[in-house]
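S.K.: Assemble the whole structure, with the sequences as input and the hints as a guide.
Chains A and B, in that order, are what the protein sequence lines are. Going by the numbering used here, the residue at position 29 of the first sequence is 29; the numbering climbs one at a time, nothing skipped. Going by the numbering used here, the residue at position 40 of the second sequence is 40; the numbering climbs one at a time, nothing skipped.
Simulated from the structure, these hints should not be mistaken for lab results.
Below, simulated DSS-like cross-link-like pairs (lysine-lysine); rule was C-alpha separation at most 25 Å, straight line: (1) B/Lys-121 / B/Lys-19; (2) B/Lys-21 / B/Lys-65; (3) B/Lys-136 / B/Lys-38; (4) B/Lys-62 / A/Lys-12; (5) B/Lys-62 / B/Lys-148; (6) A/Lys-44 / B/Lys-136; (7) A/Lys-55 / B/Lys-148; (8) B/Lys-152 / A/Lys-38; (9) A/Lys-44 / A/Lys-6; (10) B/Lys-121 / A/Lys-55; (11) B/Lys-9 / A/Lys-6; (12) B/Lys-121 / A/Lys-6; (13) A/Lys-6 / A/Lys-55; (14) B/Lys-74 / B/Lys-62; (15) B/Lys-9 / B/Lys-136; (16) B/Lys-111 / B/Lys-38; (17) B/Lys-121 / A/Lys-12; (18) B/Lys-152 / A/Lys-44; (19) B/Lys-129 / A/Lys-44; (20) A/Lys-55 / A/Lys-21; (21) A/Lys-12 / B/Lys-47; (22) B/Lys-148 / A/Lys-39; (23) A/Lys-21 / B/Lys-129; (24) A/Lys-12 / A/Lys-55; (25) B/Lys-136 / A/Lys-12; (26) B/Lys-129 / A/Lys-38; (27) B/Lys-149 / A/Lys-55; (28) B/Lys-77 / B/Lys-62; (29) B/Lys-148 / A/Lys-12; (30) B/Lys-62 / A/Lys-6; (31) A/Lys-55 / B/Lys-129; (32) B/Lys-77 / B/Lys-19; (33) B/Lys-152 / A/Lys-39; (34) B/Lys-46 / B/Lys-129; (35) A/Lys-6 / A/Lys-74; (36) A/Lys-12 / B/Lys-46.
To be clear about the criterion: a stretch of chain B counts as covered by chain A if any three or more of its residues have a C-beta under 8 Å from a C-beta of chain A, and this derived list gives those stretches: (37) 50 to 57; (38) 84 to 98; (39) 134 to 142.
Please read these numbers as outputs of a predicted model, since none were measured by experiment. Quick reminder that beta carbons are idealized off the backbone N, C-alpha and C, glycines included.
Single-letter residue listing:
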Amino acid sequence: MEIQLKLYGSSKLLSENELLKLELPENSNVEQLRNSLKKLISEKHSQSNLGELSKTAAFFSENDEVIDDNYRLKNKELVSIIPPIGGG
Amino acid sequence: MSLHAALVKVEDEKISSEKAKNFISSEENGAESIFTGKVRNENSGKKVTAVTYDAHDQAVIKSFKSICNSAKNKFDKNAKIFLEHAKGYVPVGEISILIAVGSGHRDEAFKICRYILEEVKHQSPIWKKEHYVDGKEEWLPGHSLRPKKNIK
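M.R.: Below, the structure written as structure tokens:
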């Protein structure tokens, strides 16, 4: 299955595009998305400061609600990655 | 209307303290408190030229409204509140956030202003990328919205 990750803040270092497509095993949940992200960062972005991102990020559904690690993702679902925040 | 909350795309317009003052102005106010946050020219020993603010627009507006309503319920139901935050490239010296509060008394006006600022920093999905004199840039660390007990 494939999900589309909408990038915000430091996660924009993962791609030049606003959306990052990720291939995940069928019936994956958010925990598996974190694992996939961890692998991607260690393989392709090890020089960046994104080492902790797969642990510290939250994820929002299309309804802008936080989704927890047990949330079952749907094929082609659009999910926002929310790295640690700091406005003001 | 007693509440205005917005993200301002700085390429299109600037945050205006005059607009804020006009919005909160009322003969019922005994106190008006205005906080402006600006981009500073230094952070952790690095010389800063500008900050780019990124934001999850819909979630930010939702959080702004929730924070402001919570402040009203906590301190003064009749307070008038104006809250704007910049989105985009903001050079040193320009406004990144403006909070203006009109209230019956000074204590409530100060408290609401402070409460909103701290809650925005902890709840609103906004990110800062600093730009430095040497041409480098860096996304700043922040506060995770993931529950601490789940971060191992």
